[in-house]
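A.B. asks: Sequence:
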Amino acid sequence: MALKNLLALVVLLGVVGVSVAKPYGNPLGNPRMKGDLDLDYYRFRCPQVEAIVRRVTFQYVSRRPTLAAALLRMHFHDCFVRGCDGSVLLKSPNNDAERDAPPNLTLRGYEVVDAAKSALERKCPGVVSCADVLALVARDAVAVIRGPWWPVPLGRRDGRISRLSEANLPSPFADIKTLKNNFRVKGLNSKDLVVLSGAHTIGVSSCGLISSRIHNFTGRGDFDPAMNPSYVRALKKRCKPTDVRTPVDMDPGSARRFDSHYFDIVAQKKGLFISDSALLNDFVTKRYIQTQVGTHGASFAKDFSDSMVKLGFIQILTGRKGEIRRHCAFVN
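Letter by letter, the sequence shown follows residues -21 to -1, 1 to 311 of mature numbering (1 follows the signal peptide of the UniProt record, and there is no 0).
Derived by calculation from the structure, the hints in this document are not laboratory data.
Check the hints yourself; a few may be wrong.
Straight-line distance between alpha carbons at most 35 Å, and here's what the computed DSBU-like set of lysine-lysine pairs gives [stated by the list, open to error]:
#, residue 1, residue 2
1, Lys219, Lys248
2, Lys156, Lys170
3, Lys216, Lys265
4, Lys102, Lys170
5, Lys159, Lys215
6, Lys300, Lys70
Please work from the sequences and hints to get the whole structure.
C.D. replies: Right, here's the structure in full:
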């Protein structure tokens, strides 16, 4: 009977997504990017950390499901500038922090991170970093909308530096060579590029980011030939040449579900951004898209989980580096 109960417990832990593993080695395979994290890092100092963050995140995202895409994007933007150190959360009196850079002006969901951090500070003050909170919030926000789940090893510390000038993020206007290099320097490969691009299956952009692509691509009133003409006609009906504000789904027909439909629309040349269409211009990324289309996304959830774990290790601060901020918007 005891053995039977033990086996039942193991099954239950697997179902709810609680790992019994402890140390989690850096999966990036880049000797310049060192540092390990731990799935059980706060076991003794703040054992309820994941439950607290999950509860707060559910409270916000269940009421506003579009926050899932926003919080996932915030985590991505944080990790791609100075690493996953919470620097995107910092405010500057001179408006020259990362969050003030043009690509980050549309970030939203800071209130979710702040609420989770405040709840943790009440329970275990000065223990959990804002970088870890953001990583957990992004995962749990996606889980609220029934997207893929991934383990979040913990132990990151918060950076003290946040500069607008360093916010050089992968651009929606970038070609495939540039995108691959953007990811390579962070320790991510071509598969990670196409898999993480799959996050565009949720969320919206705006007419302003695609106006030239559909109305005046080369300055002669034409559209990008990499786009499906029928899709261009549909976008033109929604986005007039001077319209910069109207929202546009990044995954038409499935923008509220986290699924593999994004790869279907990219294969049909209906990727909203140049960076989406560019994925068809590389053997590895194109083959991945074709595989997901052919298998109805059979491996996408697992692949996304694996790539998100890798993303969370980019240039992390551990040990005595950085700090544990009391308030996520300000250094101590």
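A.B. asks: Next, verify each hint and record whether it holds.
C.D. replies: So, going through the hints one by one against the coordinates:
no.: 1; hint: Lys219 - Lys248; result: holds (21 Å)
no.: 2; hint: Lys156 - Lys170; result: holds (14 Å)
no.: 3; hint: Lys216 - Lys265; result: holds (29 Å)
no.: 4; hint: Lys102 - Lys170; result: violated (40 Å)
no.: 5; hint: Lys159 - Lys215; result: holds (30 Å)
no.: 6; hint: Lys300 - Lys70; result: holds (20 Å)
Figure legend: structure checked against the earlier numbered hints; the only hint not met is number 4.
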